[in-house]
Amino acid sequence: MATTASLIETAKPQTITVAYEHPWIVRVAHWLNAVAVFVLITSGLRIFRAFPSFGPKIPQQNFWVPPPGITLGGWLGGALQWHFTFIWIFVGSGLMYVIYQVASGHWRQVLFMPRDIKGVWPMARHYFLFGKKPPVEAAYNPLQKLAYTSTIFFGAVSFLSGLVMYKPVQFWWLTWMLGGFRLARVWHFMAMCGFVAFIPGHLIMVLLHGWNNFYSMITGWKRDPEYLE
Amino acid sequence: MADEPQRADDLPQQAQPKESAAELQGEEAPKPLEDSSANLPAEGSKPEEPAAFAAARSGPAGEEIRSITSRERGRINRRELLKMVPIIAVGAFAIPKLQEPLLMDGLALSDWASARLFGRRRLEPTYSNSEVAPFDRFPYNYYDVVDPEVDLARWTLTVEGLVKRPGNYNLQQIQALPQVVQNTRHVCVEGWDVVGNFGGTRASDLLRWLGADLTARYLEVECADEYYESIDMATMLHPQTLFCYEMYGQPLDRGHGAPLRLQMPTKLGYKQAKYLTTVRVTNVLKSGKRGYWEDQGYDWYGGL
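Protein sequence lines, in the order shown, are assigned to chains F and P.
Letter by letter, the first sequence follows residues 1 to 229 of this note's numbering.
Letter by letter, the second sequence follows residues 1 to 304 of this note's numbering.
These are computed hints drawn from the structure, not numbers from a lab.
Among the clues, some could well be false.
To be verified - EDC-like mimics (lysine to aspartate or glutamate), calculated; alpha carbons at most 20 Å apart, straight line:
#, chain 1, residue 1, chain 2, residue 2
1, F, K167, P, D147
2, F, K57, P, E190
3, F, K167, P, E190
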């Protein structure tokens, strides 16, 4: 009996457990959006450099002059080219993701709801203060839901405020809703800050969760998913 | 665990896909799975991946779970990687030779959308006198010199192109047409804006008076400081587009473009040429003649 079992053991192919975590629409949207956000932030900072203020031209009071090293485009005109090109990729991939989430019903896993509020602090305590890990019951924990839902919010705010800055006359009603042309620049900048706050946290989490987790955003399949351990 | 009966249930279903797997993997014999967690009946599984299929189960979010060999995993991963080609396509922007043409295409796409968005009768909201910036807070913006020293006494506007009455016109002739005064916002591509008070002749009135072909596509303008611009006809015919000769009730001063400038609340500042000397109605824009800044990379439409 023991000999048979050991024979079977050697002949048996090694199996790997994999889980399909990210459909290709989500993966493509994620990476296109990642590239677009990078280009839009860096070119946007170059554009902001041309008038780094939220007030009037006279007298001009600079808020913050972005150093050229963190900007893209070389000059205002070049930065605008990047901005007006990658906005299409940003909006396209954003819509692709949102429409897919709504159509597939997966939005329920990601959208931060009022009932998730109570779970944020225990999760944050676990991540940042070495607290006990709360039990995992869903695809995404409340802190993840908050982070991912925020990016959709930042995306929507940056797009709408950008539209107001780009076409304040054609979208005069949106200009009015956002409190005017100048305030739209403030919302646009704040939404950018939101992305800048999200990205390092997101990257640190990716590093902490290792290669298999990262690779699943490329191929969709995660090797040895943590919920089967 | 009740392994044995389930494993027995699994066997016939596994034997079937393993035949195709055998083609790939040759000598490997069909075997039950060792992973006790992967032993649920396989009825619900999709047949699309018979060789890779081992057992189906769901993760907490309904993720499909499979137990596969490393060879099968490699095949799945290669196939999934192929689906990521759109990402590599974006990498074309990193190739120096392709970068500029691609960015020009992107800019052209945005310009196309801008022209589609333009409402011929959509007006920029006008502002009350109390919202108008004081005259000394209205910036002088210029690319070269603030005052190109136009001889105002002898100045005429040269009218060329697709017009019934080409020629040279003096300021009095232009001012004889009905005057429009409006408080509108001037927006600079740099990001600043200022509400000013502008007076002048409605561009559509002047173009009609000159007998211009209003079905032509563009108006080209040339300036005393060698600045040049071209504007789409739809914007030229917009009711708030002015040939402006007054600001704040005073004749246009030299720094703001005396004696005549374009003033269009539906365009960015760089489109609003100052110190006008020539206007030309045309259907053709020569490359290198689209506009001073546009020829260096700003978008041509420049609409608000």
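Hint-by-hint comparison with the structure:
1. Taking the CA atoms of K167/F and D147/P, the gap is about 31 Å. The hint is violated against a cut of 20 Å.
2. The suggested pairing of K57/F with E190/P holds, with an alpha-carbon distance near 10 Å, which does not exceed 20 Å.
3. Proposed proximity of K167/F and E190/P is supported: the alpha carbons are some 14 Å apart, at most 20 Å.
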